[in-house]
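Protein chains in written order, with the UniProt record's numbering: chain A, 1 to 333; chain B, 1 to 333.
Not one of these hints is a red herring.
Here are the simulated lysine-lysine pairs, DSS-like style, with alpha carbons at most 25 Å apart:
| no. | chain 1 | residue 1 | chain 2 | residue 2 |
| --- | --- | --- | --- | --- |
| 1 | B | Lys-252 | A | Lys-252 |
| 2 | A | Lys-187 | A | Lys-297 |
| 3 | B | Lys-258 | A | Lys-198 |
| 4 | A | Lys-252 | A | Lys-198 |
| 5 | A | Lys-258 | B | Lys-198 |
| 6 | B | Lys-252 | A | Lys-258 |
| 7 | A | Lys-252 | B | Lys-204 |
| 8 | A | Lys-258 | B | Lys-258 |
| 9 | A | Lys-212 | A | Lys-258 |
| 10 | A | Lys-252 | B | Lys-258 |
| 11 | B | Lys-252 | A | Lys-204 |
| 12 | B | Lys-144 | B | Lys-281 |
Here are a few chain A residues that sit away from chain B, every Cβ distance over 10 Å (derived from the structure):
| no. | residue |
| --- | --- |
| 13 | Ala-33 |
| 14 | Asp-34 |
| 15 | Gly-67 |
| 16 | Pro-84 |
| 17 | Tyr-101 |
| 18 | Asp-107 |
| 19 | Val-202 |
| 20 | Asp-282 |
| 21 | Gly-307 |
| 22 | Gly-308 |
Worth flagging that the hints you see were computed from the coordinates, not collected in a lab.
We put the CB at the ideal spot given by N, CA and C, even for glycine.
The primary structure of each chain is shown beneath.
Number of protein chains: 2
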Amino acid sequence: MTTTKRTTLAQRPSGLPDDSTWATEEVDLPAPADGEFLVKIDHISLDPAMRGWLNDVRSYVPPVQIGEVMRAAGTGTVVESNHPDFAEGDAVTGTFGVTEYAISNGDGVQKIDTSQVGPATWLGALGMPGLTAYHGLHEVGEMKEGDIVVISAAAGAVGSVAGQLAKAKGCTVIGIAGGAEKCAWLKEIGFDEAIDYKNENVLKRLREIAPKGIDIFFDNVGGDILDAALANLRHGARVIICGAVSTYNDEKLAPGPKRYMSLLVFRAKMQGFLVFDYPEKDAAAIADMSELISSGKLVARETVVEGGVEKFGETLLGLFEGRNTGKLVLKVA
Amino acid sequence: MTTTKRTTLAQRPSGLPDDSTWATEEVDLPAPADGEFLVKIDHISLDPAMRGWLNDVRSYVPPVQIGEVMRAAGTGTVVESNHPDFAEGDAVTGTFGVTEYAISNGDGVQKIDTSQVGPATWLGALGMPGLTAYHGLHEVGEMKEGDIVVISAAAGAVGSVAGQLAKAKGCTVIGIAGGAEKCAWLKEIGFDEAIDYKNENVLKRLREIAPKGIDIFFDNVGGDILDAALANLRHGARVIICGAVSTYNDEKLAPGPKRYMSLLVFRAKMQGFLVFDYPEKDAAAIADMSELISSGKLVARETVVEGGVEKFGETLLGLFEGRNTGKLVLKVA
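Assemble the whole structure, with the sequences as input and the hints as a guide.
Okay, structure coming up:
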């Protein structure tokens, strides 16, 4: 019998989540049954999409239910196994939830090699954010050499990988991020230009930097930044809808992109996708990105917060306040 | 020397055009030079897109200039020719402008056979509206048998053709139009269902009629109707952005589609296009639609207003008030 602390959804937030959103409980887990194993979690992923999972609406995954352990990806080590494919000591990643220990039947769990890159990177550049960047650019963005690629939330987990992948492909890459520090980092990791949306006029700067318009806009934020990009498309542009973090905590449905008729003027497409849509391409993408990391062309950065699972709620807010650079993870003490 | 009356842009409208927008002038045209011919116009096309041409903004065509003859497609007869390819008596269609007579060098002018279908149909089902419907569904919508297709402004020039083309392809077709009369007509020409947006809740009705969601939304109107469709997409849906007539007369940029994140939830694309994008496919499309007209599968309907070119401004307003069913044309007396 293993005792674990875990964070559950206490009540659905309206607007930004706060202390009343979460509860921490301590429970005893049974021993793993046949075909199951027990994982000790070491890192928990924090993702903007989590905000959407708290709303009681029809979406691409069911909402987290009240009283249920908060859904989250994580990494850990198998500490006890009755599963033929997983052995004690295996490093694994999966959607274990915000918990110290979890019982798993192996569904959606992947063994990871942490000898070259640490567990946090398996939640970032080599995890869902990296795959999101990769599939978005290739499958939806139809990225090709020479494209002018603009990325919002460019210093985030997905954006920072997307920009580096586009650079590696031979594109011109413009990042949009909040604050001088993040912008400086983007230039450091190879972005051609960085726009600080907190201190610059994005629409105007895009017109200066990319006077012929942009081929790919990889959008993680929505709102005014999406409009600024739409106003500056190039013929045949692709607008990749990956997220809309600027609107996730709005209590009412936020205004839509008022410049959407640019899609007609520039014969452009705007298309949404989810990282889960291309499972058959994940292995090749991870191999490709691992190679880029080894050769120094892809810098994987994480912002690691240390603390117990009870720190999850406070840590999550950091995402909406832009406190992280690169992937935000909670390292379970 | 030929005297012609013609309508020019007197000043740019803010909101709906009115009498002050237009001027009618009478001018003498010179005899056609070498390589030119003189056309006597009989029908003038009225299109929602015209409203956009009056704004002094960068778009897919240059704006009509103050003092310039209003741009418009039309049909007519060659009455005098110094052009090797056009002879006196030829029936033609082209962008001759809002005028009784025009001199042309043949650019963009096409000879038409008016023995089977009248000139007004060459401005409607076999003209730009018909080609718009055809290319939109095939090239952008990737229409296939069995798709659930929803069309806004379904009783208009483009929508009524689009719906019938989708039916001919074996799709289930739902039209959205204003008023019981138009809806009844849609059923008459084969639409499976018709929603009267003036008297019904479009969102609710779409959910009732198409509980599994829609595969193709062919949008001519924008606004709330676009949002209602976005809220009800099916996995992999295609949203064809053809127009946004509900917003063309707004003095400020109208709100955008607040449900655009449905593109992510349903992995859908929203794509704009223009009829001019597929010139190499026009002839085959016209042949295909002519065949459908002959076999009775495509009903070409026009609302014909009679009057001189000075009636253009007043007639154009009819488009924004939904006075027309099918293609709206001005028959020059």
